[in-house]
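> Protein chains in written order, with my numbering: chain C, 43 to 357; chain H, 26 to 132.
It should be emphasised that the hints constitute simulated quantities derived from the structure, not laboratory data.
Being a predicted model, the structure only gives us computed values, none of them experimental.
One should not assume that every hint holds.
What the hints assert, rightly or not - The calculated EDC-like cross-link candidates involving lysine to aspartate or glutamate, where the alpha carbons are at most 20 Å apart (straight line), are:
1) H:89 - C:82
2) H:48 - C:94
3) C:90 - H:45
4) H:48 - H:69
5) C:93 - C:108
6) C:93 - H:45
7) C:131 - H:112
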Amino acid sequence: MSDSRISSNGVVPDLAELCRIHDVSLELIRRSHDVDELLDAVLAEYEKRLKEMSADTLGGESGPLDPDEAKKLQALVMFAGQAVALKEKAAAATQLRQRAEELERLNDELERALEQEARSRRRLDDLLAAIDAGIMVVGGDGRIQNVNRAASDLTGQSTERLVGRPASPYLGEVDRGSDGKVNDSAKVMLVARRDLRSEPEAEVVLMSDVTAHERETEERHRLEKFAELLKTLGVLSHKINNPLTSLMGRAQILQMKKETDPDVCKAAEVIEDSAKRIASYIRELAFVVKEGKEEALRPLLDMDAPQPFSEVDKS
Amino acid sequence: MTVTRILVECEGVLDAHSAEMVKRDSLPLIDGESDVVIDLSNVEFIDSIGLGVLVNLYKAARLKGCNANFIGVAPNVRRVLEIIRLDQIFDVHPDLESATRALDQRR
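The following block holds chain H by itself, in its conformation from the complex (with noise of 0.2 Å):
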């Protein structure tokens, strides 16, 4: 059995410029399929609008019965996910393998 995922890569600032475009890019791709993969390596800085982003993205692939995860969180951006204990929330990994292995798991 083939199984699909989506990586949704975000890429400098996600904030309240960036956060609408990420929203209308990345929305459409979570169809209900696949679980999907956000990959947050080369996310430089993060605000609340851009962690509300990141909620909405978490929220949409459960509604829509999937799972999804974080991989590659900076040093930075993680500290504001600590903060609001969203690392606790999520499930955030390492690198895109130990993402999928959790991702087969849950399945």
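One chain only, chain C, in its complex shape (with noise of 0.2 Å):
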């Protein structure tokens, strides 16, 4: 079949055809919104004007038309280009009316994952403020990026000065993924620095305050010394009485004889003076070990010192 026998203009002259072809241009305009509802209405206009027309206007033999199926032929394709027409814009529309629904199924999932994670921040800092140790998340460029309240407290700065600023002050000697102590003028902190997995080159640092337990040990360990040293006091002067007590006797054995030389008397008298005095200071660390007070040392140490003990009994 040829096209010769559509007229080149494609007007078509009827006005009933004209109304008609308004009509279903509407109605075609209508639900050029979506594809699905253009497609059923077009195919019910094709039905419908095929069915009108003869058989053999179409797939006839070549040859001049009835000049009426000419005009229901024109009528047909000037429909048929019209609904192409808007069947490709209804495609177009479709498929941005499910983009569309696409973008807001995304940012419906993006809205609920932003809160999620926005519960689990929140999640994570009333954690941390919970936890008594001081926690510091540092960066990889060691600069502090998040610490909870007793961190806080224990660098005495508030959080809003530590974040942003280096972290190394209040790392002391301690190595990356170590422990270890940092000290200062009032306090003495347990640092142990942490590799965040999730984060290579970050770190977590966590603190506490060791300073009252730090004093305790030292205490503990300077009482056993002095208690050490205070067994060594004891053992000492029973060793040194034993011979003393010897010197003693033969001095005043010397005295007792008569001894017409005047350098051995006096040599006696100053032999037994002198184990006078060591018997004295034997005494007063026993006292001392004794009391097992530490004060009670002190002036035995000090040459200088008034001697607290000139009433111990030298019998």
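Mind docking these for me? Both chains are given alone in their own frames, and the hints should help you get the complex.
Structural data, given as structure tokens:
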């Protein structure tokens, strides 16, 4: 079949047909927001028009068409052109709508994910605030990214002042990945540095105030050393006492002899006095050991201090 | 998941004489469970009535919630479809493989 049977300008002169086309067009335009809706209307119109047409209008032998059939064919061709154009627009509109729906769905998912992340963040903040130990998150640049309230209390700096500052002043000589102590004039802190698995460059620093514990430990060590010293003094005074007793006895014997040599008499006297002095020191030491008090030891070590035990029994 | 398709094979002449038979034999096959492929490779001639039958089959598949497309359209039949732009309304494919692929994508 050739196209020659369709007039080249495609104009349909019949008024009734023009109105019909106009009504159909309006209906198609109304449905052109959705390709499925549009297609239903288009197919229905095709059915109607093909049924109204004579069988050999399309596909028949070549040759001039009956004028009525020619009009119907022209109208169908005109309708088909509109239908195809609107179908393309409807397909585009449908695709846009589907993309908009997909975007909206993704946006909802994103909002839910953001809300979940915010909840997790709030939970983490609450946990950090509840922990007594100081926690600092330090970035790869060595600057503090997050701190909890305990860290702020330990450092004496507000969280706002700490965030963004270098962490090194608070880490002392503690190496990355290790534990250690950091001393300042007021306190002793135990610092533990650990890598963050999720961010290889960053680390988390745990801090706790061990000042009281350190002081207790130091005091205990000092008392233990003092106890050892007292024990040693006790042993020593006992060891000195025995030969000292012999020395004093021999000196007294010498003095009791009728010695005519004045040098010998003088020497015996000096020996006895010196022995008595040594015995006095030994008694003072024995008192200190017996009392077990540190303050009792101090005067013995200070050569210029008045002797607190001048009233100690010398017998 | 197994997907079934209905293949409607038309032969010879699709005109006023054969239209009713085609509709009578084909329309019951469109059950709403399977997509439809209408094979026109052996159709030698088609007229307005025959075109109306094709529109019926296409519309019936859509009404039942399925997809339909056409394959193997001979040049003279394609010419007729082109005049009234049905080649742009229908989904027309060169062969069964591309037709089934298009149906899969729409599912």
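> Each hint should be assessed against the structure and marked as holding or not.
A quick look at each hint next to the structure:
Proposed proximity of residue 89 of chain H and residue 82 of chain C is supported: the alpha carbons are some 12 Å apart, at most 20 Å. Pair hint residue 48 of chain H plus residue 94 of chain C holds up; C-alpha atoms about 18 Å apart against a cutoff of 20 Å. For the proposed pair residue 90 of chain C and residue 45 of chain H, the alpha carbon gap of about 16 Å is at most 20 Å, so the pair holds. Taking the CA atoms of residue 48 of chain H and residue 69 of chain H, the gap is about 18 Å. The hint holds against a cut of 20 Å.
As the CA atoms of residue 93 of chain C and residue 108 of chain C are separated by approximately 16 Å, the hinted pair is consistent with the 20 Å bound. With a CA separation close to 13 Å, the supplied pair residue 93 of chain C and residue 45 of chain H stays within the 20 Å bound. Restraint check for residue 131 of chain C and residue 112 of chain H: satisfied, since their Cα atoms lie roughly 17 Å apart, inside the 20 Å limit.
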